[in-house]
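Enquirer: Numbering (this note's numbering), first residue to last: 2 to 751.
It is worth saying that the hints were derived from the structure and are not from the lab.
Certain hints may be false.
What the hints assert, rightly or not - When the alpha-carbon atoms are kept at most 25 Å apart in a straight line, the in silico BS3-like pairs for lysine-lysine are as follows:
| # | residue 1 | residue 2 |
| --- | --- | --- |
| 1 | Lys442 | Lys456 |
| 2 | Lys479 | Lys456 |
| 3 | Lys567 | Lys688 |
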Amino acid sequence: MRRLAVFAGGFSLGVFLAQYLLGDGWPLLGGGIALALGLASTGLPGMWRRRAVVLFAALSLGLGWSWLYARQVQRPAQAMAGRTETVAATLCGYASKSDFGARAVVRLEGVPGKVMLYAGEELLDLVPGQTVAGQVRFQDAARIRDEDITTFTSKGVFLLAYGRGELTLGEGTRHSLRWLPAWAGRAMREQIQILFPEDAVGFLTAILTGDRSEVSGKAYTALTEAGLNHILAVSGMHCGFLMALAGFLLQSRKLQALLGIPLLAFYAALTGGSPSVLRACIMLSLPLLAILARRENDGPTSLLAALFLILLANPFAAASVGLQLSFAAMAGILWLTPRLWKGLTGEKKRGRAFRFLAATFSASMGAMVFTVPLAAYYFGALVLIAPLSGALCLWAAVWAFTGGLLSVTVSFFCLPLGALLALPARLAAEYILLAAGLLSKIPYHAVYTANPYLKYWLVYAYVLFAAACLVRRTGRRKYALASVLAALTLALTVRLGEARYHSDLDVLVLDVGQGQSVVLASGGAFALVDCGSANSWKDPGETAARQLAAMGCKRLDYLLLTHYDKDHVSGVTDLLDRLEVDTLLVPEGEDSAGLQGVVLSAAGEHGVNVRFLTSREGLDFGRGTLTVFPPVGEGEDNERGLAVLASAGDNDLLITGDMDAATEAKLLEAYDLPDIEALVAGHHGSKYASSQALLEALRPETACISVGSNPYGHPTEETLLRLARQGCDIYRTDLHGTVHLAWNQEESHG
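Let's have the full structure, built from the sequences with the hints guiding it.
Expert: Okay, structure coming up:
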């Protein structure tokens, strides 16, 4: 078993090195070097020789396999990018809605790997195994314009295909038993809709089938902020619930072993086969095999074997955030949880309540010990309340899953009985959602890496507890001291982060991709101008809310929307779910995209005061002022937007939204604008905005361009040259990240 663990670990290490550290041609060279080291290690003594040979051989195989897989699967797919061809595709699952129709994972004849097909809503009427044919344009799934993306390749999808015109529908092999798990998943989702009320449908659909599309934004936000969103992602916990239920019903270890493996395989396919589910199913299958073979099972070996099998099927899965979090959580549970449990319970007899709390705490801390740095890196958050959330809600997750699964299964045969059995699951789901909502409102329930000092505190905290582990002194006092020191320094870290924004006027042009969101702060007052992004992989509402929280903002005084384009308002709903807003200021008149109704509905739901700007208005704003100018142009939404001037003493910043040159001229003509220190360049650096006339009239010293991956060529060379000739220092969010400018009454700096 130990050699198997060494081999699986070495192979996995090779794959991760190939994915994260080595370029296209280097994995093969690295594999050769590892092989040479393996041969050299044959001179080592005894046990070390065997382990070193196995490790380096596995490392060489991992590097070589990554190179070969990329050469044989990814590169042929990438070679098709940019082409337009007529193809025949077979659906691998049910389609889901997209921004402009529907999308589905398909397989194409002669194309290695899977393909994500984007087409019209006619895809929604198809079933797995059915074929479609038509003309598509291909795009590399690993790189969208100028950004590297791992979302698709980590799932084995190496091409994106965009339909051109109508697709011809065919029959295919849709009646094959191969698609039974997908059919069962669809049937379960439909049955959940019948059995449960609307507020519980999304939650139960997610935990039973892995489909989170029905979870409301408000519920998902609350679960995320409370550290409970892992309940929604089907993983080891859910598979463990499934096997516990099977064991309870079968009452035989051997029968459970015989039926459990196919049951786990079926459930993995039903829920989409994500890396976290595959990890759990493989790890749970190995002990079942051990029962049948009358062998002992080893947790770390099972974990590494699961990782080996997943990466063997697709080395690009190494970049899956879900896989990394899942394996990190399991590694922590295997390593830390038993030690914590033993330390908390000791030799004395403890009551049932104490043992339950100790078990929950031990499991939660074990799952967090290695996932906290990953979550901070990928999601920018450290959820402090997570251990309490787990203690309060994980027991209810058991009831929600097992009760939901039983009720749905029974309802296929007897709907009234299924509806009766659904009551405990419904109550458990509603309890978890209620608890998440309340926990997420507690001040400092989470801290965010928008505070740049937090990453240093994380390193300090891990070093602190590592030192406590290494100290020979026994007892719990050393850990108690480490905990107190960590808590005190965290409080100091949070305070230092908030103190960074003490100027008379702080401006942060947030990195939200191809969109705009600008934070303004002065003397304890906070405003946000726009909150949107055209890039689907960005979450502007979350970005803005977490930045404001890191600044000490408990309530946003003003939310100003220059106009209703998606790249300026797409994050408003999420922002309102996360942060209280006092006043929303918007332009009057309907928009062409129909987003005004969405924004106003969300504002009404959260009790936000809405004001339509029809005349110039000055707003008190801490130690500065905000001046909001009403629309001065006509025609498109861009020309009928607001402009915002933020001032502190003689220092001014102007935001013009997406105004073009003609509208800028009207703004200059209608209002007496001062010389400004900084300009948020109009329309993301479009050549039609930030005109020469505006620059000469206002003479900005600094220009900030809020821009991301886009097909328009923003910012254009013409605009960049115009700003440079004006003498502006130019900052771009796509190159520099979030841009922070600060001014005091006496001085200014950026």
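Enquirer: Hints first: check each against the structure and report whether it holds.
Expert: Hints versus structure:
1. For a cut-off of 25 Å, the pair hint linking Lys442 to Lys456 stands: about 24 Å separates their Cα positions.
2. Distance hint between Lys479 and Lys456 is fulfilled; the C-alpha atoms sit about 23 Å from each other, no more than 25 Å.
3. In summary, the hint linking Lys567 to Lys688 is supported, as the alpha carbons are separated by about 20 Å, within the 25 Å threshold.
This entry satisfies every hint, going by the numbered hints stated previously.
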